[in-house]
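Protein chains: 2
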Amino acid sequence: MSSLLIKNVFHNGETTDVFIKNKIFCRIEPGLDPSLADQVIDGTDKAIIPPFYNGHTHSPMTLLRGYADDIPLFEWLNDYIWPMEKVMTAEDIYNGSRLALYEMIRSGTIFFNDMYWQQDQTIRAVEEMGLKAAIGVTFMDGLGKKYIEANFDYLDAHLRPETLPEGITLTVAPHAIYTVSEALLRRCAAYAAEHNLVFHIHLSETKQEVEDCVKAHGMTPVRWLEQIGALEPQVVAAHVIHVDEEELAILASRDVTLVHNPVSNMKLCSGVFHFQKAQEAGCRYILGTDGCSSNNNLDMREEMKVAALVAKSRYKDLELLPASTVFKMATKWGAECFGLNSGKIAVGKAADALLLDLNNERMIPCYNLISNCVYSADNSVIDTVICNGRLLMENHKVPGGAEIVALAKESSIKMLERLKKG
Amino acid sequence: MSSLLIKNVFHNGETTDVFIKNKIFCRIEPGLDPSLADQVIDGTDKAIIPPFYNGHTHSPMTLLRGYADDIPLFEWLNDYIWPMEKVMTAEDIYNGSRLALYEMIRSGTIFFNDMYWQQDQTIRAVEEMGLKAAIGVTFMDGLGKKYIEANFDYLDAHLRPETLPEGITLTVAPHAIYTVSEALLRRCAAYAAEHNLVFHIHLSETKQEVEDCVKAHGMTPVRWLEQIGALEPQVVAAHVIHVDEEELAILASRDVTLVHNPVSNMKLCSGVFHFQKAQEAGCRYILGTDGCSSNNNLDMREEMKVAALVAKSRYKDLELLPASTVFKMATKWGAECFGLNSGKIAVGKAADALLLDLNNERMIPCYNLISNCVYSADNSVIDTVICNGRLLMENHKVPGGAEIVALAKESSIKMLERLKKG
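Protein sequence lines, in the order shown, are assigned to chains C and W. The numbering of the first sequence is our numbering, which starts it at 156 and goes up by one. The numbering of the second sequence is our numbering, which starts it at 156 and goes up by one.
There could be a bad hint or two in this list.
Since the list gives no way to pick out one identical chain from another, each pair is judged satisfied if it fits inside one copy or across any two copies.
DSSO-like cross-link-like pairs, simulated, lysine-lysine; straight-line CA separation at most 27 angstroms [said to hold, decoys possible]:
(1) K471 x K432
(2) K370 x K471
(3) K301 x K178
(4) K178 x K362
Calculated directly from the structure, the hints in this document are not laboratory data.
This is chain C alone, in the form it adopts within the complex (with noise of 0.2 angstroms):
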């Protein structure tokens, strides 16, 4: 395994060097001799800051990306997205998640907790680029009996780390309380629950669907979940709009990561993410974009931006989800979520790490770099990838990008001929 030590480059208010080797930041301090390592890069008029970390995404629904914006749900899902979902075939889920892939590096994120059918695809993608994931194995009671039993038989193969490429763990992954039912929702969780996995939900993302669950159970779907078991597991519940202080009381209390997806809220009306609320309660909270379909990228910075303007717009104090806040969401809490040890530039932490250019106009001036990161920049001040000490982008180029956009350029034109035909 190479070595790579940054000369020069800001951290935390400094000057510094940071040295990497096997993966790990194994020292952080001025003076250190480029002979220990591999590969030097300088770090000069550069900042070290921890990579993003996605709590919630779909990732190869990239190639639906604006395929069906400003219409209303039923009919942007009926005739638009379900039917194109049909014509997808293994090929395009796998070009589809290169190209997200592409997009998330590009945009400086390390990590993504992914949701979506056939997660062989986007594993194999994963594996190839080098980031990291939690890849749910995915449920829905319309998939049909035999595609339910395959996916616990590929959990099951799949239990020990060895079995998985390295940066992957799998989550179970039942998709809503209004697509899986009752009996395979309880057999989800006691799943994961036995196998000390992640349990990744869609939860009470719509008035619909509490509606729906409370005409159906008497109760609200954080209730209903909570009674049936399925808060035991280690819960990652997406979205979470449509919930009262005592929910989130339980929800605190059951230890479940919530999932703030504002861009996607807000542009499908869903409602809005009760922050402050969330954050009387105590419960846990960390940042995602969901899917290209509903937000249309994949851009962590930007919605730390919009997490933040919606806090303080929303409950009329600017004081509430400051930069400070909002990056922590993005970086530390998601990684520690999935049991990363990562998400901070610290000694003994595994080397995932981006490097901002200080010289770009976006960071100028810089009285407050994390500010700047949240509030100003784009992706230009982005200018180097890390990922478990492995280079993903240096000088704003990653390696193989030009072939991956073509290729995925190539499954949306025939996903368009293939439902064309019928």
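With chain C held as given, fit chain W onto it using these hints.
Just chain W, lined up with the frame of chain C:
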């Protein structure tokens, strides 16, 4: 004057050639002879679209970017922004304006409607860097009588177009009703009406402004401005958040242009623009970023996305403010508001344009170009920026960028030193 031919570029769903001469789009048709032009650009896999027209900003305030975020409004102004503004020299304003213009070019903006002090410095920057602008001559009573008379003298001296650099017009810019007396507002309005200049003002931005106006004059700001004759000239009003339906009807009948600044409004908790009601009332509306102390950037692309998200989310209507409309707010309608014969790629229009890289990952797939621009893009999709037929950025490069950044950095460091010295 040189001529420019863009070969094989994607325009309105087709591949064509675009020929620019004498700063105007002369011919838009396929198969044009390359020998026609002094310079030929290969437009293969690129799309040509109008650039952005920023409806309201304070360009020199880039030097206050990130200086004081996430703190209460009164403290923000009193303890941070105002003291810092006091130590800004003419050179700082020039350097700050140049940083702003560099940022604008890099994010596809070629025109801005500005309001700040020492407008000569900003004008100098605009002339040197080749953009267009409406530059406010800014009035506030607090600046003193001498300053006010000097402003009117300045306006008098620049009434004929030949007294200003090409592409620059002046506006009469009383800051707001709470910083400008009735007498001065009346005088500014009469002056603007007489000389056919735009009257640029902050209007009904905060609840406090409205309450104070009602207390002082027995009516809300819009009604009061109408009563004192301040809606007689061509008015461009920034923010316009705290207004009722009757006020929107007054603004529509007076053909006032409302500038929506969603990011600033959210970040400062000013309130939410009544997009739907403004639309129903038949108002004109365009888009602006506000200044870097409340945004913290000048990114019209980001502003478009946030504007669309906020409108949908506020009114729970995901068809509201679609990509096509918000794109017009940022381009065509912005140009029209300031009497520019541009904002559209069409023969006879001024040759303002962006070339977008259709092989950029954010533009893949390309089911809908404008939807990708609004909801998916980051600035790396912008390959080339053209203003009045002149290439301001080509292949992502703006000549002189490094020097502009270095001087702005130096200014910001010196300002802080001066502030500390007291």
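Hints, verified against the model:
1. K471 x K432: both (14 angstroms within a copy, 21 angstroms between copies)
2. K370 x K471: between (34 angstroms within a copy, 23 angstroms between copies)
3. K301 x K178: Answer is neither; intra-copy 40 angstroms and inter-copy 65 angstroms both fail.
4. K178 x K362: neither (45 angstroms within a copy, 54 angstroms between copies)
In the structure shown, a violation is registered for the earlier hints numbered 3 and 4, in ascending order.
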